[in-house]
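Chains as they are written, first to last, in our numbering: chain A, 1 to 280; chain B, 281 to 535; chain C, 536 to 807.
Take these hints with a grain of salt, some might be off.
Claimed, not checked - Calculated Cβ distances over 10 Å to all of chain C for the following chain A residues:
#1 Ser2
#2 Lys10
#3 Arg12
#4 Glu27
#5 Lys30
#6 Glu39
#7 Phe58
#8 Asn66
#9 Asn71
#10 Ile72
#11 Glu78
#12 His203
#13 Tyr248
#14 Arg250
#15 Asn259
As the list claims (entries may be wrong) - List of simulated lysine-lysine pairs, PhoX-like, C-alpha gap at most 25 Å:
#16 C:Lys708 x A:Lys204
#17 A:Lys30 x A:Lys3
#18 A:Lys75 x A:Lys85
#19 A:Lys207 x C:Lys767
What the hints assert, rightly or not - Restraint-style ranges between C-beta atoms, simulated for each label pair:
#20 B:Gly520 x A:Ala189: 56 to 64 Å
#21 C:Lys604 x A:Asp145: 40 to 48 Å
#22 B:Ile328 x C:Lys604: 27 to 35 Å
If you are wondering where the hints come from, they were derived from the structure by calculation, not from laboratory data.
Bear in mind that the values here come from a model prediction, so they are computed numbers and not experimental data.
By construction, the Cβ of each residue, glycine as well, lies at the ideal position given by its N, Cα and C atoms.
Below, each chain spelled out in residue letters.
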Amino acid sequence: MSKIRVEGLKYRYPDMDSLVLDDLSFEVEKGAFIGIVGENTAGKSTLCYALTGLVPHFFKGAYGGNVLIDNIDVKQSEISDVTSKAGLVFDQPFSQMTGSKTTVYEEIAFGLENSGVEREEMRIRIDNSLRLMDIEHLQNKNPYDLSGGQMQRVAIASVLAMKPDVIVLDEPTSQLDPQGSDEVFQVIAKLAESGITIIMAEHKLEKLAEYASKILLLHKGKQIAYGSPKEVFSRDDILEYGIAPPVYVRIAKALKLKNKAGFYPITLDGLKQQWNVGDE
Amino acid sequence: MEPIHSYTDKKSYIDQIDPISKLLFAFVSIFITYLFSSIPITCFVLLISIVLLMVGRVLRKIVPLLAISFTLLLSIIIVQGLTHPTNEMPLLTLGTIVFYQEGLTFALLITLRVFNMLAAFGVLILTTKPDDLMESLMKQGMSPKISYVFLSVFQLIPQMRATLGKITDAQRSRGMETEGSLMIRIKAFFPLLGPAVLSSLNMTKERAIALEVRGFSSKGKKTFISEEKSYFYPKFVRCGLIILLIAAIVWRIVG
Amino acid sequence: MMAEINVRELHFSYYPDQEILKGINLHFKEKSAAIIGQNGAGKTTLVKLFKGLLKPVKGDVLINATNTKEITAAKLANQIGLVFQNPNDQIFKSNVIDEVKYGPLMIGFTEKEASIQADLALEAVGLRGLEQVNPYDLSLYERKMISIASILAMDTPIVIFDEPTMGQDSQGKERIKAIINRLRQEGKLVLSIIHDMDFAADVFERAIVMKDGQILLDGEPREIFAEVELLKEAYLEQPNVTRIGRELGAERVFLNEKELIDWLKIQHATLQ
């Protein structure tokens, strides 16, 4: 059984004329790491909202089709029931902090308090999240005194403490420096390994190529491709959708270095290997 | 990054008072300044707020806020001094411009009331951990949403101050003069106020979405991570404040 | 048109015990420069000092022979433009065209000149047709483009960007590259704080690496990006193209894909 099933999803914001999501259908297996790619108007953020129930519960507008998580329809559920299953991390670390908490420890507790988790259980879960995100040393700091990368890890820890099966991330590294981005990618990869399903919209395609199990390519709200990173990034028409494939693909393409299956290498190691073998 | 939190733990006596009592204090104190249109009484009430701020070791934090509000109040003082309907006694003559005593007295009262309002709420906000205030309100039966809105209104002030600083920098970069005489500063201040409010509200909108995905509107029972704090005789303090309020009303009616 | 920045023994701190910049000496003229380094290295503080928004605690910053200590930031606006990292900290008008025209009008352009400048700037960032829209109805990456346009429109001899490519997709990056190249052709001095190493290597003529409030490296990108160990010390990596070249056995340092591909093609031909 699939973890998430999206069937003919269509959506339009209340004040807009055209569809932001136009007939999307795909399935996500448990523990998969899905990368959502596309240019800035592709509908990536909106899809993130639809997978976590913000669309249509917080953002109203015209909605069609279904999003099912564990076979339960998001549209028919309470938003808090959806978010306890599928947590969301935003691109701006700063505006994700609640503002009512004065320490990182309490900040992470916020979601648990809202869902009525007992104090003892809360402490266990917070300690766990702090450890997984490698931010134990920050637990007594004020969230607003942290760097962007640290704040983003606190935001992920806050979502993680809710024990969701799915974590959706909307360009979580776009505001971070290279070191901060690396840190975030590493912890997310660790979460995917532990069986949490990851769905991540991202511009850093080299990183997605390294970590993602599947890529969903969107263009103007339409689903163009859904497949392995090799398959999607090897498409000859990818530039037409405003996407520059990972640098390894671009170079392999220029040198016509495809493998037997007809794909370009998507990592540095893959490129090195293909370079030594030559074109097949 | 500019911190937007206004509270830091100073471990003073004021921190021992429960948040609801402080909230009650702010209301009683403001109410009294409106109950009696008297400058001495308003001064006295303001003095109490200031003493409390001093005990809480946060007086310095409120000074910039008082200064900003004073620049805004300046226009009221000038207008009332010149044109208040009961103006009779000339007090100050600058060339052909005459300021009257009645108008200036009235403007002074307004200024004192505004200062007291800021100082009294300052006691609440600057010496209370935001979370404790929210928890106390929720335990009094207020809905979490309203409690949070209440809290955000106060957060908006330091947040707006931070945003105002950044937007001012950006406009100085493009040639708006903000340095120099008071007049230049005031002239620069007003056009920037709107965008600062707008930008802060925009951020509040983003935050609302972020709260939503962390189960904020969940209808179930809530729990709290921090153990209940023990405060200095909350019932006693609250009763005292209510008695004071009733006494003031009675005095006003009788006297 | 003069475009020169001179920095002498520059020290800066917000609090006496926390020095953020520790004795910086730099000279900029003609060559466009990328300022790189980890968050907290002091990059943004440095460009705010160039702009006169902050004043040195010790040392001097001279913009075209004017000492920033002796002039207000507003009076420097016609010589040096700064695009802020976060567009929300910059935008303050309720429609796009007013926002873009604001700077030129403040530094003495006539209404007509300001309109022409604004049109050109909006064309350059690809936002023609959105003149009457409220910036807050646009997305963050579009607002970033507005903030860039509003500085371009001022036509200053020195232009500084703080993280221009942040949140931009590949088309946005190409657009910003074109803008920087055009400014350079016009003889302007362009500086940029940048996290994207491939962009830094590809676009700029000089690279300055900062670490803990000091200049760790300063020179031509080809020299700087060869210093793997020193870059690591500043928590930085080589650009992807440089790294790929090295891994595929090149001695040279490549600064863009074209260089790398050309070299690989020659290798490929000789192998066969």
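To see whether the hints hold, each was checked on the structure:
Distance check for Ser2 (chain A) against chain C: the nearest CB is about 29 Å away, which clears 10 Å, and the non-interface claim stands. The non-interface label for Lys10 (chain A) is consistent with chain C: the shortest C-beta to C-beta separation is roughly 21 Å, beyond 10 Å. No beta-carbon of chain C is positioned within 10 Å of the beta-carbon of Arg12 (chain A); the least distance is around 16 Å. With a least beta-carbon separation of about 27 Å from chain C, Glu27 (chain A) lies farther than 10 Å from that chain, consistent with its non-interface assignment.
Non-interface status of Lys30 (chain A) relative to chain C is upheld: no Cβ of that chain comes within 10 Å, the nearest being about 30 Å off. Consistency note on Glu39 (chain A): stated as away from chain C, yet its beta-carbon is not over 10 Å from all of that chain's, at 5 Å minimum. Distance check on Phe58 (chain A): its Cβ is at least 18 Å (rounded) from any Cβ of chain C, clearing the 10 Å threshold; non-interface status holds. At the 10 Å boundary, the C-beta of Asn66 (chain A) stays outside the reach of chain C, the nearest C-beta of that chain being 27 Å off.
With a least beta-carbon separation of about 34 Å from chain C, Asn71 (chain A) lies farther than 10 Å from that chain, consistent with its non-interface assignment. With a cut of 10 Å on Cβ distances, Ile72 (chain A) stays outside the contact zone with chain C, its closest approach being about 31 Å. A cut-off of 10 Å between C-beta atoms confirms that Glu78 (chain A) is not in contact with chain C; the least separation is 29 Å. The non-interface label for His203 (chain A) is inconsistent with chain C: the shortest C-beta to C-beta separation is roughly 6 Å, within 10 Å.
Distance check for Tyr248 (chain A) against chain C: the nearest CB is about 7 Å away, which does not clear 10 Å, and the non-interface claim fails. With a least beta-carbon separation of about 6 Å from chain C, Arg250 (chain A) fails to lie farther than 10 Å from that chain, contradicting its non-interface assignment. Every CB of chain C lies more than 10 Å from the CB of Asn259 (chain A), the least distance being 16 Å, so the non-interface label holds. Distance check on the hinted pair: Lys708 (chain C) and Lys204 (chain A) sit about 13 Å apart at the alpha-carbon level, within 25 Å; holds.
Pair hint Lys30 (chain A) plus Lys3 (chain A) holds up; C-alpha atoms about 5 Å apart against a cutoff of 25 Å. At most 25 Å may separate the alpha-carbon atoms for a hinted pair to count; Lys75 (chain A) and Lys85 (chain A) meet this at roughly 14 Å. A hinted pair counts as satisfied when its Cα atoms are at most 25 Å apart, and Lys207 (chain A) with Lys767 (chain C) qualifies at roughly 19 Å. Here the CB-CB span from Gly520 (chain B) to Ala189 (chain A) is close to 59 Å, well matched to the stated 56 to 64 Å.
Lys604 (chain C) and Asp145 (chain A) have their C-beta atoms about 31 Å apart, which leaves the hinted 40 to 48 Å range violated. Under the hint 27 to 35 Å, the C-beta atoms of Ile328 (chain B) and Lys604 (chain C), about 45 Å apart, miss the expected range.
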